[in-house]
Amino acid sequence: MPYPVEQNEKFAAYAHPERLVSTEWLAAALESGAVANGELVVVESDEDVLLYETGHIPGAVKIDWHTDLNDDVTRDYVDGEAFAELAASKGISRDSTVVIYGDKSNWWAAYALWVFTLFGHQDVRLLDGGRDKWVAEGRDLTKDKPAPAPGNYPVVERDDAPIRAFKDDVLAHLGKPLIDVRSAEEYTGQRTHMPAYPEEGALRGGHIPTAASVPWARAAAENGTFRSREDLDAIYLGEAGLTAGDDVVAYCRIGERSSHTWFALKFLLGFESVRNYDGSWTEWGNAVRVPIVKGAERGSFPVAVGV
Amino acid sequence: MMTTQALPSALAAIVDDFQALSEPERLQLLLEFSEGLPELPERLTNHPELLEQVVECQSPLFLTIETEKDGSTGSATAFRLFFKAPAEAPTTRGFAGVLHEGLDGLSAEEILSVPDDMPELLGLTRAITPLRMRGMTAMLGRIKRKVAAASGVRA
Numbered sequence: 001m002p003y004p005v006e007q008n009e010k011f012a013a014y015a016h017p018e019r020l021v022s023t024e025w026l027a028a029a030l031e032s033g034a035v036a037n038g039e040l041v042v043v044e045s046d047e048d049v050l051l052y053e054t055g056h057i058p059g060a061v062k063i064d065w066h067t068d069l070n071d072d073v074t075r076d077y078v079d080g081e082a083f084a085e086l087a088a089s090k091g092i093s094r095d096s097t098v099v100i101y102g103d104k105s106n107w108w109a110a111y112a113l114w115v116f117t118l119f120g121h122q123d124v125r126l127l128d129g130g131r132d133k134w135v136a137e138g139r140d141l142t143k144d145k146p147a148p149a150p151g152n153y154p155v156v157e158r159d160d161a162p163i164r165a166f167k168d169d170v171l172a173h174l175g176k177p178l179i180d181v182r183s184a185e186e187y188t189g190q191r192t193h194m195p196a197y198p199e200e201g202a203l204r205g206g207h208i209p210t211a212a213s214v215p216w217a218r219a220a221a222e223n224g225t226f227r228s229r230e231d232l233d234a235i236y237l238g239e240a241g242l243t244a245g246d247d248v249v250a251y252c253r254i255g256e257r258s259s260h261t262w263f264a265l266k267f268l269l270g271f272e273s274v275r276n277y278d279g280s281w282t283e284w285g286n287a288v289r290v291p292i293v294k295g296a297e298r299g300s301f302p303v304a305v306g307v
Numbered sequence: 001m002m003t004t005q006a007l008p009s010a011l012a013a014i015v016d017d018f019q020a021l022s023e024p025e026r027l028q029l030l031l032e033f034s035e036g037l038p039e040l041p042e043r044l045t046n047h048p049e050l051l052e053q054v055v056e057c058q059s060p061l062f063l064t065i066e067t068e069k070d071g072s073t074g075s076a077t078a079f080r081l082f083f084k085a086p087a088e089a090p091t092t093r094g095f096a097g098v099l100h101e102g103l104d105g106l107s108a109e110e111i112l113s114v115p116d117d118m119p120e121l122l123g124l125t126r127a128i129t130p131l132r133m134r135g136m137t138a139m140l141g142r143i144k145r146k147v148a149a150a151s152g153v154r155a
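Chains as they are written, first to last, in the numbering used here: chain A, 1 to 307; chain B, 1 to 155.
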């Protein structure tokens, strides 16, 4: 049974207010016993694999992007069977309301939410502001790991096409809007990885031709919550030049930061067709016979060859 | 497969402990190392400029070394290691904790003898991702370079 949706003025301005919850709302839901009795499943998903263990929201279960959601043999996400098993083991049923939160302004939480959406999980929401806001507000944390009653999750085939783009999809998409969410230095080709992150071996630096540069963090305020509808409209419709109804592809380096932007475009601004290119720069930057643009200009398509 | 023979005894013991465990238990042990990482002494907390950032780590990690000299000869006898990493980066803290417990107080020769790929021996690569392991490798590399520079011994 879906748990009631939060109503507030900020969320009401978004296209899909039902996709966000505030820390106050979650604290009240905890207080009411909704998490303890399984009406609401809270999931922590962090970049740091040990962070959950240092203390988490009471009743929250952990899903790790790397060990739980990836299949490192096929360089893909887990299949329907593995996802069903994972979800059930975390007390999640097909009709569960799931609230995901995590570190770093919800990068990995948004990524996990995107993977849940690949499997068509209907009611999955983000905690606005994520782990940092919850901690900053001095709210309860515990090291007690819950042992939820197993959920009832059917084996559902992953449906990638609506929200996931592969390299060939991006090649076919060229000419339509692309959002590059990496840092300015990565976009121009000055560097191929995030500042302070190790080199991951992209051979070329630059961006996909015609992509607009909107670093992911522009969508977040200082406290990690999403910016208001008005601010987001100004950034993505104003500066980046998107138009309502556009078919958009977002990408970054490995697809995690762009999940955050995917969430903002899809659920906050209401773009129907937004895909995350998870191969992102680690694939595109190394791929044979795909064009790139260096420098701050977006570049054009078709790309002039041999000049 | 590398053996632990070449490692200083404290570090070899840590590696043995990790290798004897299952993967989830290894993560738990790394968490304990993150909790056990000593706080910086006051003379360093007041002087952050004395610490160097290891930029390869995914979370902010700062470290420095100090030399303990023999009173009569003035030659370096032991190196003390100091690390700073935020509580919200337990994996990075855990790696720092392993290196602290394994290498603090050793001689230049002992520290420089540690193979550069020693972090691989902990058996955490799958759970933690190769990217993170490179952060720990970078931490070890930075310590070795600093020790080599301070002792005049080639790394």
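Please note that the accuracy of each hint is not assured.
[Stated by the list, open to error] Heads up, simulated EDC-like pairs for lysine to aspartate or glutamate below, C-alpha to C-alpha not over 20 Å straight-line: (1) 145(A) / 88(B); (2) 145(A) / 39(B); (3) 133(A) / 88(B); (4) 62(A) / 95(A); (5) 146(B) / 101(B); (6) 145(A) / 110(B); (7) 84(B) / 104(B); (8) 62(A) / 39(B); (9) 10(A) / 230(A); (10) 143(A) / 25(B); (11) 62(A) / 32(B); (12) 145(A) / 35(B); (13) 144(B) / 110(B); (14) 143(A) / 32(B); (15) 143(A) / 16(B); (16) 145(A) / 104(B); (17) 146(B) / 104(B); (18) 133(A) / 24(A); (19) 144(B) / 35(B); (20) 167(A) / 247(A); (21) 144(B) / 104(B); (22) 143(A) / 35(B); (23) 62(A) / 23(B); (24) 84(B) / 39(B); (25) 167(A) / 283(A); (26) 62(A) / 68(B); (27) 69(B) / 32(B); (28) 69(B) / 25(B).
[As the list claims (entries may be wrong)] To give an idea of the interface, some chain B residues facing chain A are shown, with a C-beta separation under 8 Å as derived from the structure: (29) 21; (30) 22; (31) 29; (32) 31; (33) 87; (34) 88; (35) 89; (36) 94.
[To be verified] Per label pair, the in silico range of CB-to-CB distance: (37) 45(B) / 143(A): 22 to 28 Å; (38) 79(A) / 25(B): 41 to 47 Å; (39) 115(B) / 142(A): 36 to 42 Å; (40) 145(A) / 126(B): 34 to 40 Å.
Derived by calculation from the structure, the hints in this document are not laboratory data.
Every residue gets a Cβ at the ideal spot worked out from N, C-alpha and C, and that includes glycine.
How the hints compare with the structure:
| no. | hint | verdict |
| --- | --- | --- |
| 1 | 145(A) / 88(B) | 18 Å, holds |
| 2 | 145(A) / 39(B) | 27 Å, violated |
| 3 | 133(A) / 88(B) | 13 Å, holds |
| 4 | 62(A) / 95(A) | 19 Å, holds |
| 5 | 146(B) / 101(B) | 18 Å, holds |
| 6 | 145(A) / 110(B) | 41 Å, violated |
| 7 | 84(B) / 104(B) | 15 Å, holds |
| 8 | 62(A) / 39(B) | 28 Å, violated |
| 9 | 10(A) / 230(A) | 10 Å, holds |
| 10 | 143(A) / 25(B) | 16 Å, holds |
| 11 | 62(A) / 32(B) | 19 Å, holds |
| 12 | 145(A) / 35(B) | 18 Å, holds |
| 13 | 144(B) / 110(B) | 10 Å, holds |
| 14 | 143(A) / 32(B) | 13 Å, holds |
| 15 | 143(A) / 16(B) | 27 Å, violated |
| 16 | 145(A) / 104(B) | 34 Å, violated |
| 17 | 146(B) / 104(B) | 13 Å, holds |
| 18 | 133(A) / 24(A) | 11 Å, holds |
| 19 | 144(B) / 35(B) | 24 Å, violated |
| 20 | 167(A) / 247(A) | 16 Å, holds |
| 21 | 144(B) / 104(B) | 12 Å, holds |
| 22 | 143(A) / 35(B) | 13 Å, holds |
| 23 | 62(A) / 23(B) | 16 Å, holds |
| 24 | 84(B) / 39(B) | 8 Å, holds |
| 25 | 167(A) / 283(A) | 8 Å, holds |
| 26 | 62(A) / 68(B) | 44 Å, violated |
| 27 | 69(B) / 32(B) | 31 Å, violated |
| 28 | 69(B) / 25(B) | 39 Å, violated |
| 29 | 21 | 15 Å, violated |
| 30 | 22 | 13 Å, violated |
| 31 | 29 | 11 Å, violated |
| 32 | 31 | 5 Å, holds |
| 33 | 87 | 7 Å, holds |
| 34 | 88 | 6 Å, holds |
| 35 | 89 | 6 Å, holds |
| 36 | 94 | 7 Å, holds |
| 37 | 45(B) / 143(A): 22 to 28 Å | 27 Å, holds |
| 38 | 79(A) / 25(B): 41 to 47 Å | 27 Å, violated |
| 39 | 115(B) / 142(A): 36 to 42 Å | 40 Å, holds |
| 40 | 145(A) / 126(B): 34 to 40 Å | 21 Å, violated |
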